[in-house]
Every structure is written in C-alpha cells, then in structure tokens.
Amino acid sequence: MEVFFSLAKIVVAFVIILQLTLLLLWVERKGSALIQDRVGANRANLFGGLLPFNLGIVNTWMADPLKLFHKEDIVPTEADHFLHWLAPFVAIVPLFVTFAVIPFGDVLRVGGYTIDLVAAPIPASVLFVLAMASLAVYGVVIGGWASNSRYSFLGGVRGTAQMISYELALSLSIVSVVLTFGTFDLQEIARAQGQLIWGVIPAWGVFYQPVALILLFIAGMAESKRAPFDLPEAESEIVAGFFTEYSGSKLSVFMMADFVEIGIVAALVTTLFFGGWQVPWLGREGFQFPGGFAIALPSLVVTLLQFVAFLVKLFVFCWLQILVRWSLPRMRYDHLMAFGWKRLLPLGLVNVGLTAVLVLLFDGWTVK
Amino acid sequence: MEPYAALMASFVLCGIVAAVMVCASWILGPKNPTPTKLEIFETGNPPMGSLRGMRFPVKFYLVAIFFVVFDVEVVFLYPWALIFRQLGWAGLVEMAIFMAILGAGLAYVWQVGALEWD
Chain A
1 MEVFFSLAKI VVAFVIILQL TLLLLWVERK GSALIQDRVG ANRANLFGGL LPFNLGIVNT
61 WMADPLKLFH KEDIVPTEAD HFLHWLAPFV AIVPLFVTFA VIPFGDVLRV GGYTIDLVAA
121 PIPASVLFVL AMASLAVYGV VIGGWASNSR YSFLGGVRGT AQMISYELAL SLSIVSVVLT
181 FGTFDLQEIA RAQGQLIWGV IPAWGVFYQP VALILLFIAG MAESKRAPFD LPEAESEIVA
241 GFFTEYSGSK LSVFMMADFV EIGIVAALVT TLFFGGWQVP WLGREGFQFP GGFAIALPSL
301 VVTLLQFVAF LVKLFVFCWL QILVRWSLPR MRYDHLMAFG WKRLLPLGLV NVGLTAVLVL
361 LFDGWTVK
Chain B
1 MEPYAALMAS FVLCGIVAAV MVCASWILGP KNPTPTKLEI FETGNPPMGS LRGMRFPVKF
61 YLVAIFFVVF DVEVVFLYPW ALIFRQLGWA GLVEMAIFMA ILGAGLAYVW QVGALEWD
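So the sequences go chain by chain: A and B.
1 is the number of the first residue of the first sequence in the numbering used here; add one for each residue after it.
1 is the number of the first residue of the second sequence in the numbering used here; add one for each residue after it.
So here's chain B without its partners, still in its complex pose:
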C-alpha cells in the first residue's frame, strides 16, 4: 500500500471512531431539554445576551500577528535544515543573515513593549 494511501486510511478510521465518540451521548443519552438547561452558563445569572460583536483584548490579536510573522520564518528553516550538510558554510552564512533579521525583528518587538502583557 502506498504510504499516503495508508495515511488516508488512517484518517478514515480515526474520523469514523471520532464521529462515533462525538455522537455517542446523542444516541445513548437521555433527551430532556428544558429552557433553563439550554441557557448559556453564566454562573447562574440570566445570560447577558449574545456574544457576537463582543470586544476582546487586542493583545490576543497582536500575538496572532507575531505568530504569523515568526512562524513563516521558522518554516523557511525546515528545507534549509534538511539539506544543510550539502550547503555547508555558505548555507550557514546565508541562514545567519536571515536569522539575524529574524532576531532583529524579535528584539524590536521586545523593545517597543509589544510582548508585555499588562
């Protein structure tokens, strides 16, 4: 069997088992919904309306942006790491320049206080 076909088969097996596990209590469990039970849990108080449009701290958004920036750069390290022995010193120098830029970016972000969480 082709390796990727085996992977696909594995996906199918895991998908089926996971679907059965997710649906198990819908199939096996009791069904006795009451309006109170179907309310959203807010420590016993009546829910304060929908969440849609609620604001949340912008810091989470900043983290996501930094992640995209740095993770894309880390992804470039993978092919380099794989063929590093063929590249030799030239590869090291090139990646050192790249990593210096990455490090400078990190230092800048650190410096302006974007990594502070308060």
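Okay, chain A solo, but in the shape it has when bound:
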C-alpha cells in the first residue's frame, strides 16, 4: 500500500508538470495573441475540420505536439549522431525530475494512512533542485556542439555562458531563503510559511525575502532562456540558436524544456516565497481566521483546497513569466552579462549578508 501511494504521488507530480507544459503551449499562443491584439490559435478541430466549432484549448494542446511528432526527423550528415540524439533527452529529463521534490500539498489522510504530498520527500530537496537546474545546461551545450553548425554552436556557447552566469544569482537568492527558514527541505519550508506574523499576516517568504524573490525570478527567467533573455535562440541573429538543426519531436522536446523550466521557476517562487500549497489561515482542521473566527473542515477538503491553491499560484507565476516575455524586447549580450555579474551577483551577496545579520539580531524575525 505504501509503495502504491508513493508511485501514485510520482505519477501525480509528473502529470502536473506534463499537463502544465502542454497547457502553457496554448496559454503562450493565446496570451501572446491577446497582448498583440490578434485572435491567436483558433484552427484546432477534429476530423479535418468537420466539427462546426473549434475545440480551443483541449485540442490545441494536443494538436501542437502531435503535429510535431509526425514530422520528419532530420539528423544532418555531418552532425555527431549520438550526441544529436542525446541532447534533447538530457535537456528535459532533469527538468521533469525536479518536480518530484516540489510539495503540492500538506498531507492526505486516507484510511489510516497519512501521506506526505511530495513525490520524493528527500531532506535536501533545495540542493536537488539546484543540481537539476544546473544539469539543464548540458542539453544546450551538447545540442549546440553536436549539430556541427555555426549557428547552433554560437547558440550553445551563448546559452552556456548565460545560464551559468545567472545560476550564481539563483544560488545566492536560495541561500538567503535557506538562512531564513534554516532547512533544505522544501516541504518544511512550505509548512513554516503556515505560521502568522503578528497573528494576522501569513508568514510567507515574500515578507522576509523580497530581494531574494526578485533575484530568483529574474535569474530563473534567464535560466529558462526566454525573452528578454532569449539570446541563445535569438532568431534574428543566429537562426534558432542551439536547436537550428533539430526537427520534429526533438525540436518539440527542446521547446517543451523551456516551458517545463517556466513551470519550475513558478513552482520555486510559489514554494519559497508564497507559501507553496498554503491557503492563508487554513490549518489542518480548517480555517482559523485572526480574531477567533473558525470554520472546521474535513481533512479531505483541506487537502483539496491546498492542492488547488498550489495550482493557482503556479499558474499565476507562469502567466507572469509569459507576460514578461511578450512585453520586453531582447537584451543585448553585453548588457545581459553586465546585468548578471555587476548587478545581480553583488545584490545577492549583500542580501545574504543582510539576512544573516537580521537573523541574528532579531531572533523572532523569522519563524523557526
């Protein structure tokens, strides 16, 4: 039974990220259309357009990948065939796996079992997330190298330099969060945010670490290689960057990796700064509003509310990233590097120092 619950959790976590990815494909197309005052994707239909209405979201999110899956797979003669096949695989697996350590609920009580709602409840999940985020660089660099094309190679090198530069800011922002909560466990971080500041405000990370939130969000967007940080695939300069020589499902996997990364950044922002699955004033027994007013709820309803809250927060931050992507123009490469090394890195260092001093000076400043 235990094993069954574990496997079910793994499947749930995977289905969340897979469906989120496919959903984001549609949201991106419709959202960009909304921003640019177009209609956007509206041709998805079944049976060769025989249906009198278009199926909208349901069909679009299957039509896009299915169409790419049925395209010809081209590997250039001069390419390194093994690496060419390996690159998309390496690009997406670490990103998919990251979701296994993101908590998507508190506990589920079913028939005497108490299930911790995180697929792989490892104690050092913060480190695991960082490790997997770093591994994603390999997909870019291997893809760029294996294609044996100048555009791919430039894209790969650019991507590598950009991702490792912004990884520093990402790591530093997470260091200050770890300082605040004193644990590497994302589930414990999420639980700690269920407390209240002055008995009123939920103790979400954003109130303790606003600077780290900004750092993490910017660095995370740069890691996911999307506008305004889409230099590795700048189509007006280097065709399509590191996936110039890719077609069919391999191309779709690379594009999907971008969306998975959006999901991961959103999940990290949610879990570290916005309470993860926490609903304000909702405890395990029901709502406990400040002022003594309380509503008792069954355990299952509480779990469901928390799960929905997690998904809602996830969507909000995914949408925010898509909004930024379609609002800002691409940065220049020297500006990108200068911004990462001369602005974000010093800011991150200062934030870590300041957090450390505050933690020591005001012991009650953070939840313990």
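FYI, nobody ran anything at the bench for these hints, they're computed from the structure.
Remember, predicted model here, so these are calculated numbers, not experimental data.
Beta carbons: idealized from backbone N, C-alpha and C, even for Gly.
Just so you know, not all the hints are guaranteed correct.
Stated by the list, open to error - One side only, chain A facing chain B, incomplete, derived with CB under 7 Å:
1. 12
2. 77
3. 78
4. 82
5. 92
6. 96
7. 100
8. 149
9. 157
10. 175
11. 248
12. 253
13. 337
14. 339
Unchecked claim - Taking lysine-lysine pairs in the DSS-like style, the calculated list, with each CA pair at most 25 Å apart, reads:
15. A/30 / A/67
16. A/71 / A/30
17. A/342 / B/59
18. A/71 / B/37
19. B/31 / A/67
20. B/59 / A/67
21. A/71 / B/59
For chain A, the structure is supplied; the task is to place chain B on it using the hints.
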C-alpha cells in the same frame, strides 16, 4: 517507499517518457532524406565545412572560469546557511571574512575589466 527510491522511480518514469518523446518522430514521421535536406543550415549557402577546430571568442571561456571560482564559493555558503543559528555570531564573522575575500575577488575581476563584454 524510501524517499530516494521514489526519486529513482521518478527518474525512470521521466526517462521513459522523455525517450518516447524524443524518438516519436523517428517512429511516426516520414523518412525521405535527400542530400540537401541533410546539409547543415547556413542560410541557404553551401556549408563552409566542419565546425571542429573552429575558434570562438575567449570571453565565453573567461565567464566559465569565473563561474567555477564563484560557484564553488557559493556552494560553501549552503552548509553554513543550514546550521547558521547554531553557529551564531562566530559563524557570521567567519563567513564575513570569507565573503570579504569573495567580494575582493569580484571587485578585482571587475576592476581589471574582465567583466566588460566588448
């Protein structure tokens, strides 16, 4: 189930799904290769030979070196951050010295213009 066994199972699941997705168009798609199609794309011109041995700007290499230096130092911050409350002020002073060295390194690199990209 052990947490790490669950993680391993997750790796297996993701690996299988990713492999299916990568291979999908090799299985489902048409196979009609022509010499032109298999050429490397260089905006329509005949490719200028192999990439192997091509030179690229040394600036990317510098960035990689700086990353190694600074990221290793940031990695040291993690165990410190975890047990920071036990260490107290002594831990803060020690890390302040460490971060001052890190900051001095950054200031030096900045000063000599290694972070300039032109």
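Hints versus structure:
{"no.": "1", "hint": "12", "result": "violated, 11 Å"}
{"no.": "2", "hint": "77", "result": "holds, 5 Å"}
{"no.": "3", "hint": "78", "result": "holds, 6 Å"}
{"no.": "4", "hint": "82", "result": "violated, 13 Å"}
{"no.": "5", "hint": "92", "result": "holds, 5 Å"}
{"no.": "6", "hint": "96", "result": "holds, 4 Å"}
{"no.": "7", "hint": "100", "result": "holds, 4 Å"}
{"no.": "8", "hint": "149", "result": "holds, 4 Å"}
{"no.": "9", "hint": "157", "result": "holds, 5 Å"}
{"no.": "10", "hint": "175", "result": "holds, 5 Å"}
{"no.": "11", "hint": "248", "result": "holds, 3 Å"}
{"no.": "12", "hint": "253", "result": "holds, 5 Å"}
{"no.": "13", "hint": "337", "result": "holds, 5 Å"}
{"no.": "14", "hint": "339", "result": "violated, 11 Å"}
{"no.": "15", "hint": "A/30 / A/67", "result": "holds, 18 Å"}
{"no.": "16", "hint": "A/71 / A/30", "result": "holds, 23 Å"}
{"no.": "17", "hint": "A/342 / B/59", "result": "holds, 16 Å"}
{"no.": "18", "hint": "A/71 / B/37", "result": "holds, 14 Å"}
{"no.": "19", "hint": "B/31 / A/67", "result": "holds, 16 Å"}
{"no.": "20", "hint": "B/59 / A/67", "result": "violated, 40 Å"}
{"no.": "21", "hint": "A/71 / B/59", "result": "violated, 38 Å"}
The structure fails hints 1, 4, 14, 20, 21 (numbered hints given earlier, in ascending order).
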